[in-house]
Amino acid sequence: MGKTLYQKVWDAHSVGTLSDGRTQLFIGTHLIHEVTSPQAFGMIRDLGLTVKYPKRTFATIDHIVPTENQDQPADPLAAEMIDAIRSNCDDFGVTYFDLKSGKQGIVHVVGPEQGITQPGSTIACGDSHTATHGAFGAIAFGIGTTQVRDVLATQTMAMEKLKVRRIEVNGKLRPGVYAKDVTLHIIRLLGAKGGIGYAYEYAGDTFDNFTMEERMTVCNMAIEGGARCGYVNPDETTFEFLKGRPYSPTGAEWDAAVERWKSFASDADAEFDDIVKINAEDIEPTVTWGISPDHGISISENIPSSADTDDAEEKITIDEALAYMKLPAGTPIKGIPIDVAFIGSCTNGRLSDFRETAKFLKGKKVAAGIKAIAVPGSQITAIQCEKEGIDKVFEEAGFEWRAAGCSMCLAMNPDKLIGDQICASSSNRNFKGRQGSPIGRTVLMSPVMVAAAAVEGKIADARETFDVEDPAAVA
Amino acid sequence: MAIEPITKVTGTAIHVPGSDIDTDRIIPARFMKCVTFDGLGEFAFYDVRFDPVTGEKTDHPLNDSRFDAATIMLTGINFGCGSSREHAPQSLAKYGFKAIVAESYAEIFFGNSTTLGMPCVIAKKEDLDPLKAAVEADPSLEVSIDLEALTVSGGDITIPVTIPDSARQALTSGKYDPIAELLENKEKIEATAANLAYVE
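From first to last, the protein sequence lines stand for chains A and B.
In terms of this note's numbering, the first sequence is numbered consecutively and its last residue is 475.
In terms of this note's numbering, the second sequence is numbered consecutively and its last residue is 200.
With the rest of the complex left out, here is chain B (with noise of 0.2 Å):
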């Protein structure tokens, strides 16, 4: 079960502005009536692309032609939060997103989207908002982000980031879905049972 280390994200970007972006939004609880999640990639952000009265296409960042092709997605405060259905970093990741660059994320949407192998690094404000600019400005501008320098960098910005250590190790160590070590560790997982008087 041997997976490549992600060590660089480099691709084209989008700004999909706002804050609490919750996992409703990001996929809609409708497209969940699925035993897979093939086919996720075209419901993301459904109900903000889409009008839903007139079924119009929205002014939504997604709409824009411009950025069809963009990779990486550039956005604000707590992204991710409230359900945690995986089925929104997966239809995310469907739909051609392999990194995000957000201000800070719900956790159980950051720990996700890792193990999905889509890293989610954690800019300040005010070194986000210049590279946002250049996105919008130049919806070609080469994005890159860095994990073993911690930066990401567009044209002439480059902007430090973070991301809890133990996310990085595991992505750039190629870790990321961690079942193959869980597996190994079986031993250490039944002595750890049976000293839980309430597992048998």
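Excised from the complex, chain A in its bound form (with noise of 0.2 Å):
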């Protein structure tokens, strides 16, 4: 019987067992940002340890960061996490990138771009968006400050194996459907809980197809399934991305490392705890009614009621969420007013995203009384979006364009919601609060359809607006 890259992975990385019975696996790869660290490095300085493997830790900042001019920080407290970063990195010999390298971003944006994402690695980071990651055939995850500690100290952590679910998804996405709508789909089909104890192995050729930047998309949101770790086998998409990064192998050692990543795939007879079978034509574009990301239907659907479930549980859910978002039960979800639209975040605020939506966008206008703002996911990816001219064609439709951070998606920026102001928004979670107003609301959906909801004010299909089935259009 074959296996899994989930498994190839596990064993290369097994230390041994704990004896708890966990295993104790070594963190290849290891993201730090500012928000989940310092901690972590104050406990190492009790204990009187210190790091590893200082060079397979690389750090850089972005939840705190302010978009409209990075070099101020928004408060002394943010300040202090600034300072504590940089010099939790200098005293520890950790690879930073700063803002003034030219490379910061959103950490799950940075690793990628640096070639430091590679396949058959394990990566961890204090954030659940680590998933992101396993888009190059990694096993990557989110963990808590106390095992950033651990990794730190013994570039090792003690985990517990999961189950391997195989989510294929065939065929041809319609025009007007993205990664992010597939991404909600198997979401909304699993639920927020679905994957709890599963790693999920994205396949099909519906993910063979997709860019790199897709699979990240996908892999992204594997944690709003409740999935710690989503992945995509290696192929010749991965290593063409990655070739002739700065962190990349070169000459003999890139093609030893091809070699050795193509083995990590999961074999054809490999086994799997569970698969779900998903056809690509069934995905319509997706948005989010409620407050938890699998509450999502197609833009051509009734915004649920509870009146139509017999389930006294999700009767509860149900008004619970219509009751937060203000949102009228068994009625369009298409038409919706918004306050703001958000184009960015680690799900998506990469220069495809951008290059997408501009296409649309341009000679197009923002609704009047619409905040959009639109914030590259790294300063590599706002420089490339630049020199496209891609910010300027944001700009001349009412969008403001931002320097790289998390803006946004979380809210620990200037950047937030006002009272309860909706939020078309392309980022990973509509919790209550999430977006920095504990009132404020989020409907989650790509970015094309969160540029849609700009120029029509309220909440869009994308095809309508733009005319996408037009091939004049898309082309």
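In short, the hints are calculated from the structure, not lab data.
It should be emphasised that the depicted structure is a prediction, and the values quoted were computed from it without experimental measurement.
There could be a bad hint or two in this list.
Below, simulated EDC-like cross-link-like pairs (lysine to aspartate or glutamate); rule was C-alpha separation at most 20 Å, straight line [claimed, not checked]: (1) A:K52 <-> B:E187; (2) A:K52 <-> B:E184; (3) A:K365 <-> A:E395; (4) A:K161 <-> B:D177.
Relying on the hints, combine the two individually framed chains into one complex.
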């Protein structure tokens, strides 16, 4: 019987079995940021420990960075966190992509961009969206701060092995349907807790044909479906993306690395604990209506009503979500007015997201009264967009073009919703209060759908707003 | 770095209803602007405990003074989902919680809590509901979680619970903070690293 990629990577990184039965797993690549690392460095110091493999930890700053002027920390607490990560990296010899490096950005954008994220590796970061890196055929997962300490001090952590569910999507996505819709659709089908205990292997010809950035968008939200990690088997698309990146191997080492990476892909006869099959043609542009990422519906559907279900728990959930969202049950989601439009985040803040959206946004205007912001995921993404004139397309349409950071995805920086504003957002979580106002409301969707909502001032079907079915508009 | 085994947690309890209670709700992101975990206790569930507009206390159970002394939380499905922030279990522990009984947990939250020595045990809804009702009827009811017998009891109710065996082992043997054992395996760590081409 063959092995899955998960099994192979797990085996290669297993140090041994701990007395409680968990595996001591070697973490080949450790990524850190300013929010979840300072306490870990504090613990290291308190215990008189040091960083065991400083070359295997990479740091950047993203959550608290102001996107209007990166150099102006919002308050003394933010300044203290910035000082802490700098001095911690200096003290222990950790590579730090700081604001002056030209390489700063959201940690899950920076890793792949630098070629640090590689197939067949284990990657941990004190951030649940670490699953993003699974797009490269890595086993990548979020950890808590005490585990950040463990990885700093030993390059290992205690970990329970997961089961593997293969999610196969086959077929061609319809025009106007994106990777974001695929991931929202999967979460809708399997639920926010459906992936607990599983790693997700995303496969099928839809994934085979996806770019690396599209694969990252799907893997990014594995955790929103409860799966701590999700991955795509490495292939030529993966190797093509990595070739020539700063931390990618070169010369003879490159060829050896590619051979090694290929060997980690799941075997054709690998057995899975579960298999789910989805037709790409069944996926519609998807938006959320509630307060959990599994509250998704297609743009043409009505907002659910608790009257639609006999399940008492589900009734409570729907009513709670609709009360918070202040949305009318049983009416179309399309046409709900918005206040804010946000394009960015580790889910959809990459070059292709801005390129694709700019194609449709060119010549259009953001509706009156809508605050629209576009936030590149990294300084490199920003510079490339600016070279291509993408920033101008956004600005001419009425978007603010910002500097790199997490921005309004979680609002630990000045970008926040105010009061009960409703935001069309390309981010990953629609939890209560997620975007910075305790009563703020989030509607998750693809970047192109956010652009459509910005232009219309209400939740819209981008295929109609931008005449997507018309081949001339798509070209 | 010896730590005390945890075999039993006893105290009064509180029922915090809801499913998919995410870590943003447990500790809103703005309170993570800090370089230590100190002081997080007072911000646990902040945005549902205080009306965001008026600042007044809401009817959230944590605002019910009858449950002020509670150290065990009874809750629903997929507790602690979302962000990996350890600030969430840290804030609950610093608020005064010593253990949680729920129908299920998000994995990262579960691991973070175990490492802090805050057991998270799993109960079936049909078992948990009568216990929740008993606690709501009598806030002074002493509830006891027994990690060896794998039961939770309160008054005349005793229900079976589960917890992954590795977590149970770690808690009951006082090895829930794994750092000492991880450090002990230095040679094995280096041997593993030597076999990984990408690790220098």
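Structure-based check of each hint:
1. Taken as a hint, the K52 (chain A) and E187 (chain B) pair is honoured in the structure, with Cα atoms around 12 Å apart against an allowance of 20 Å.
2. A threshold of 20 Å between alpha carbons decides the hint, and for K52 (chain A) with E184 (chain B) the separation of about 13 Å falls inside it, so the pair holds.
3. Annotation: proposed proximity of K365 (chain A) to E395 (chain A) holds, straight-line Cα distance about 9 Å (limit 20 Å).
4. Our distance criterion of 20 Å between C-alpha atoms is met by K161 (chain A) and D177 (chain B), whose separation comes to about 18 Å.
Every hint from the earlier list agrees with this structure, and none is contradicted.
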